[in-house]
Amino acid sequence: MTAPALAASQERLLAALETVRDPELDEPITSLGFVASCTVSADGDAEVRLRLPTYFCAPNFAYLMVADAYDAVSVLPGVRDTLVVLEDHFASDVINDGVAAQAGFVRSFDGEAVSELHDLRANFLRKAVMAGTDQVCRPLLAAGTDPAALLAMTLGEVPPSRALTRLRERRAELGLPAGDSASLLIDPATGAPVSPGSVPLHLRKAQLTRTSIEANSGICRGMLRHRYATPGQGQSEEDQ
Amino acid sequence: MYESNGEKYFVVDSHMHYWNAAPDNWVPGAEQYAKGWIECFHAYQGLGPPETHWSIEHFQKYSEDDLMKDVFEDGYVDVAIFQPTNLKEWYKEGFNTTERNALMGEKHPGKFIANTNFDPRDSDAGLEELKRNVERFGSKGVKLYTAEWNNGSRGYKLSDPGAYRYLEAAQNLGIKNVHVHKGPTIWPLDKDAFDVSDIDHCATDFPDLNFIIEHVGLPRIEDFCFMATQEPNVYAGLSVVIGGLLHARPNFFAKVMGELLFWVGEDKMTFGSDYGIWEPKWQVEGLVAWEMPDREEFADFPRLGVEGKKKILGLNAAKLYDIKVPDELQLPASAGAGEQGVLGEAVAGA
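Residue numbers (the working numbering), protein chains in the order written: chain L, 2 to 241; chain F, 223 to 572.
If you're looking for bench data, these hints aren't it; they were derived computationally from the structure. Treat the hints with caution; some may be incorrect.
Covered stretches of chain L, as calculated for chain F (at least 3 residues, CB under 8 Å) [stated by the list, open to error]:
{"no.": "1", "stretch": "205-215"}
{"no.": "2", "stretch": "219-227"}
{"no.": "3", "stretch": "230-239"}
A quick note: this is a predicted structure, and the numbers were derived from the prediction, not measured. Beta carbons: idealized from backbone N, C-alpha and C, even for Gly.
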């Protein structure tokens, strides 16, 4: 009778890992194929193994993903002990030990880093807000909405979509206005509405930021596939 | 020279390498880094067409003959520019040093330009070495890695006073072109190693130097474009853009090219194969054959015509390096400057 319970737990584990994003690519580590395996024993000991596209992927982002995976899994009901292991990376040992000891980035990389990664994460969240702005605005423009009209639009007036939900979530994470009455077009650094003259530039920047993130994500996927023959846990064929 | 549909293209490969990353060159105790580094490069090769993939053994150490065949005989390249990478912490004789490149280049007069490099944290000794390299190898360009770790320092900014001292010295020695690799550091950084804001400052303060941002700041094309559109002496080095996207992700290749044409313009984009990561042959053929897709999502991007392709493949870099281009390979006198970069400026200025 243990098999069905185990399967259910593993499903919960995967669902938790789906909430962990690559901060740079703004995508779940599951759909990116970064989850090599995830298991949980009958006693509730969870083990997650992560993999990245290269041996030299930036250690700061790698640290955030391992730490976030640890946080997402360790709070699950029924999980007793959590082990997250980053495989095949030049800084695997430092990152794995640092996260297991809850040491933080600076202490883990003693002498090589001077501050934690909050600013880095916020910077990339702002990029995600810009990219998300393009995802939300592009269909509106294609449907005939005048660019100038976007300026007056609030989030509540935009038809519901996955992209809109995601944009709201990213804005909320940054502490930016995300409610129905908030302006659709805002400066992601300050939260202030975009001025009328800068709408074309704002939309152009949003599009460019989205292209940059998506192209980067395409390269990462290609390299991961070159490195590992098998898809990641929770990665669909379409995700590869 | 590449010929297609009656058009002749002068080809300058402005970013390529001649490395030895085989086990005989690995520093004892640093083998895992030396191995990991070259395997990481090898994975990039995986983004090119399958028939151009090499075995890891060949990739670690290709011969002089291989290079001459791949780049000049098969790859259509007229002049190739070596960009050195030292990495002496991992590779006994360095990965591909100025000296290794230049000594090979000397055997083939007129085919190569050997760039050198510097690290502003190397103080006076580094300045002397720069002077020696320029005098010995006639370098007109340098390749810089701002995120490189050096003696306890976790990277530097090209806007630092120490870097300005080097840029001044380099300019006095006759260096014209500064190729900057904005990329991942091998050491942890608590900030973004790809930040290009320092280039914004030094490009303004050194108007007679050209700054070629290799890999167009990938994966931060947006930061690069916002900066480049405002600086007349900042160029987009296309290595990795063509090699990494044209075959593997054609849709994103078109989008990235569209953005670069819009923000930077065809007059300030330069081809680089990044050989031995990718062979130039398929990249040159692919770029010449490439057209912006005729679909709605690409509608507001500038188009790239034959003249633009000629500029990108060779004529722009030939100008930067004073390379003599045969008359028949020049643009017709009627050809003007590309307008696309100006469009980008207009929007940025709005």
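Hint check results:
1. Under the rule that three or more residues need a Cβ within less than 8 Å of chain F, the assignment of the stretch 205-215 of chain L holds, with 9 such residues.
2. Evaluation of the coverage hint for the stretch 219-227 of chain L: fulfilled, as 6 residues show C-beta separations to chain F shorter than 8 Å, against a requirement of three.
3. Here's how the stretch 230-239 of chain L fares: 0 of its residues keep a CB closer than 8 Å to some CB of chain F, so the rule of at least three is not met and the hint is violated.
Hint 3 from the earlier list is the only one contradicted by this structure; the remaining hints agree with it.
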